[in-house]
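Chain order of the listed sequences is D and C. Per our numbering, residue 1177 is the first one in the first sequence, and the count goes up by one each step. Per our numbering, residue 6 is the first one in the second sequence, and the count goes up by one each step.
Incorrect hints may have been included.
[What the hints assert, rightly or not] Okay, the calculated bits of chain D under chain C, using three or more residues with CB under 8 Å as the criterion: (1) 1271-1280; (2) 1285-1295.
[Unchecked claim] Once the Cα atoms are required to be at most 27 Å apart in a straight line, the calculated DSSO-like pairs of lysine-lysine come out as: (3) K1779(D) x K1490(D); (4) K1779(D) x K1794(D); (5) K1203(D) x K143(C); (6) K30(C) x K1689(D); (7) K1321(D) x K143(C); (8) K1178(D) x K117(C); (9) K1287(D) x K1516(D); (10) K143(C) x K1827(D); (11) K1609(D) x K1564(D); (12) K242(C) x K1346(D); (13) K90(C) x K1538(D).
No lab work stands behind these hints: they were computed from the structure. Don't be surprised by glycine CBs; every beta carbon is placed ideally from N, CA and C.
One-letter residues, chain by chain:
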Amino acid sequence: MKIHYCDSLIIGGGLAGLRSAVAASTKGLNVTVISMVPVKRSHSAAAQGGMQASLGNSKMSQGDNEDLHFVDTVKGSDWGCDQEVARMFVNTAPKAIRELAAWGVPWTRIKEGSRSAIINEEKVTIDEDPDADGLIHSRDFGGTKKWRTCFSADATGHSMLFSVANEAIKRDIEIQDRKEAISLIHKEDRCYGAVVRDLITGELSAYVAKGTMIATGGYGRLYRTTTNAVICEGIGHALALETGKVPLGNMEAVQFHPTPIVPSGILLTEGCRGDGGVLRDKDGHRFMPDYEPEKKELASRDVVARRMMEHIKKGKGVGEGRESYVWLDISILGREHIEKNLRDVQDIAITFNGIDPADEGKSGWLPVHPAQHYSMGGIRTDRTGETKLRGLFSAGEAACWDLHGFNRLGGNSVSEAVVSGMIVGNYFADYCKAHDINISTNYVQESIRKQDLELDRILTLEGPEDIFEIKAKMQDIMDNKVGVFRNGLELKEAVYELEELYEKTDQITVKAKNKIHNDELTEAYRVPKMLKIALCVAKGARDRTESRGAHYREDYEKRDDVNWLSRTLAYWRNEEDTLPELEYEPLDITMMELPPGFRGYGKKGNIIENPDSAIRQKEVDEIRQEMTKAGKDRVEIQNELMPYKLQREYKAINYRVGDRL
Amino acid sequence: MKKGARELTISILKFNPHDSNSRPKMVEYKVKERPSMSLFLALSTIREKLDHDLAFDFVCRAGICGSCGMLVNGKPQLACKTQTKDFKDGKITLMPMPAFELIKDLSVDTGKWMNGMSKRVGSWIHTSEHTDIGKVEKRIDPDVADEIFELDRCIECGICVASCITKIMRPDFIGAVGLNRVVRFSIDPHDERRDTDFYELIGDDDGIFGCMSLMGCEDHCPKDIPLQQKIAYLRSKMVNQRNT
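Can you make the complete structure from the sequences, with help from the hints?
In structure tokens, the structure reads:
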């Protein structure tokens, strides 16, 4: 049995994993990245619309700064996020984008002079300042006060991933693709690496490291209708959960994107609406202003998705019943704009639906319906990205750091991936430098043997069930009962049915008995892991009797800051358990820079207020007023309201065009 | 029969080079067509219902990640972007892409090949400049940024390599993907390399001078990258280098 040793082991080769690998390599560590697919195929590549960073270069983003990005992010999260993490993030995002520019990401740049744009269905002219010429451009996205989302047309994630992957290649970082971590090696509260399966040869081996990071993305494939790539199955989450020591945070916080195309569920970027596209019902009526007079199509994703479903439920969708959808109209943006800035959207629409969205009028309208898109929940970490198992870190979508709370803003995902790769990546590297590997080879070999025996056990099962059918049933349950609108009765059923399915994974027969390239065997060990994650989502949703961000309960429509201003922690403590145990971690209002209030979009008066919110708000207002009077600047005021720790190189000030240097 | 509910006949080459008992063979599968069915859906259905052992690669299934290149009725293309309705007789033959190491059935190792290519052409920004990431970024002409982006859109799917006659004759040929990466970095103001540096990398018959201009690459590129034009541009620059 082979044992590979390295300083830093990173599981997952998307943006977060690769940027962390660069961080560790830069600190002189020997890094190995394990990935199920060639790393440039990772799901980060599918991010289309852009990356939020408050550069404030373009006309429509002038005056933007970290404070505004912070407020938008916290409101977007419906006050579910960790505000200190949000501060760490917004201060690092401008640095991340500038680093990526230097690494060659071809960000779309500003051209001095006038250009036309569509805002609220009207053609307007925007004049870009001469001193912004050649700087990084930005577009509008949902839930933001400024046009803050920087982009490379609509292939932003692709360009970012390729640049970071090439930086990893340049540094000779060991990248091992078509390999899957199937369990973590851990002993006495410390993690030592992972047992890894070669997806070509079927061979099991151990990767032993000083520190291990999980950066495996989201768990969208628990659902049938999802924009996520087929590899986003939550396997990384299961690895952490199965240690029994590491909780998963807020797993019920699942984002449904408003505009995947029907029926394939392939994403059409929020940039469509950011650039001026609108949503229309079966009568061609633009309905969002009726519900959200201020933000219209550009409220946060959870709100827009619900409004669409609400409108469809009123019989205003195109088509009947569950198949019903609404139209996304970007034809009003004009062919030139679409063919330059929304090119992949056009390609997807033509390829998969035979519709050219640049065609004028109704023939260019695209059928859209909300579908699963992003996992706010994930492996719970502290602010440095470390889990409760020492030496085990997590970053990016896989983690619950917790930047997004109960709803992530568009443009904050690839941004978080890179930023956490910088911040958490550095903390992770520091850990790896400060620790030794002190685990016996005997223990490591036992860990491999245990997994090998588990595969043998699966191959000897002789039951009537089919693993592919179990997976399909799980996806249907998640779609039908743990979706955009949730209620206690259906969630109770979902938990019951998922638990039953989980038990049935022991009653299957895997037809081919070989361990090499046997996809049925692969499914047979993955699906039980997926069901554990699905149970964390469904049980978390069942027990959370409030509505917050993307978690919406028809039977508890209000956000309940008295009882539910807390983070769900799901544990799987014993191997023989069939349900996760839930605990809750309270969020402390008295420490918040931005105490809970109204988000500025969504239904009004829908909050059960916590009395502490008003008390803290008064305190914050007084401090702000006093310090402003005393001539303190916004950085000093922020530091007084909610001091936060961050590596010095990232805490440093971000200069903007027009600042005196 | 209801329209769109016809039966497709999909023939697939099955072979596992890692199994000494395996011999290449064509296997035929019958699949009921569904509305807007792509080969991703058709192959997933086959694996779920008819043959759990069939190997192929999909990741994004939206034409973005470049995982699923294969020969569809002899033509290299992305399977996820291939619609079954486009096959009038309902017959589709699938084979793995040539030029790459076969993993099993329709799965080939493009990742390993692309990593090698990336290293060979130094597919990253080469600079001696230190960037202060707290400061305003370097200005780039917006038209130049667009031009770089146009070439940066390559998803390294390997279809250009599988379409290339030179690659069949010269196993070490860098392919259109590699030449495109060179052009992409040569026009990027962040990259300090000059034509002489690029000439060292691709100024031979395994590089720019191996191309016979048959342009299978351009014909099949799923991202419509202007390969013909860029290869011609690179060749003229490299000819100048050779002549100096």
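Hint check results:
1. For the segment 1271-1280 of chain D, the proposed coverage by chain C is satisfied: 9 residues have a C-beta within less than 8 Å of a C-beta in that chain, meeting the threshold of three.
2. Interface restraint, the segment 1285-1295 of chain D with chain C: holds (3 residues with C-beta to C-beta distance below 8 Å; minimum three).
3. With a C-alpha separation of about 17 Å, the suggested pairing of K1779(D) with K1490(D) holds against the 27 Å cut-off.
4. Of the pairs offered as hints, the one joining K1779(D) and K1794(D) holds, with about 24 Å between alpha carbons and a cut-off of 27 Å not exceeded.
5. Taking the CA atoms of K1203(D) and K143(C), the gap is near 26 Å; set against the 27 Å cutoff, the hint holds.
6. At roughly 21 Å between alpha-carbon atoms, K30(C) and K1689(D) fall within 27 Å of each other, so this suggested pair holds.
7. For the hint pairing K1321(D) with K143(C), the CA-to-CA distance comes to about 26 Å; that is within 27 Å, so the pair holds.
8. For the proposed pair K1178(D) and K117(C), the alpha carbon gap of about 22 Å is at most 27 Å, so the pair holds.
9. Of the supplied pair hints, the one linking K1287(D) and K1516(D) holds, its CA atoms being roughly 14 Å apart against a limit of 27 Å.
10. For the hint pairing K143(C) with K1827(D), the CA-to-CA distance comes to about 21 Å; that is within 27 Å, so the pair holds.
11. A C-alpha spacing of about 19 Å is found between K1609(D) and K1564(D), which places the hinted pair at or below 27 Å, so the restraint holds.
12. Distance restraint check for K242(C) and K1346(D): the Cα-Cα separation of roughly 25 Å lies within the 27 Å cut-off, and the hinted pair is therefore satisfied.
13. Proposed proximity of K90(C) and K1538(D) is supported: the alpha carbons are some 24 Å apart, at most 27 Å.
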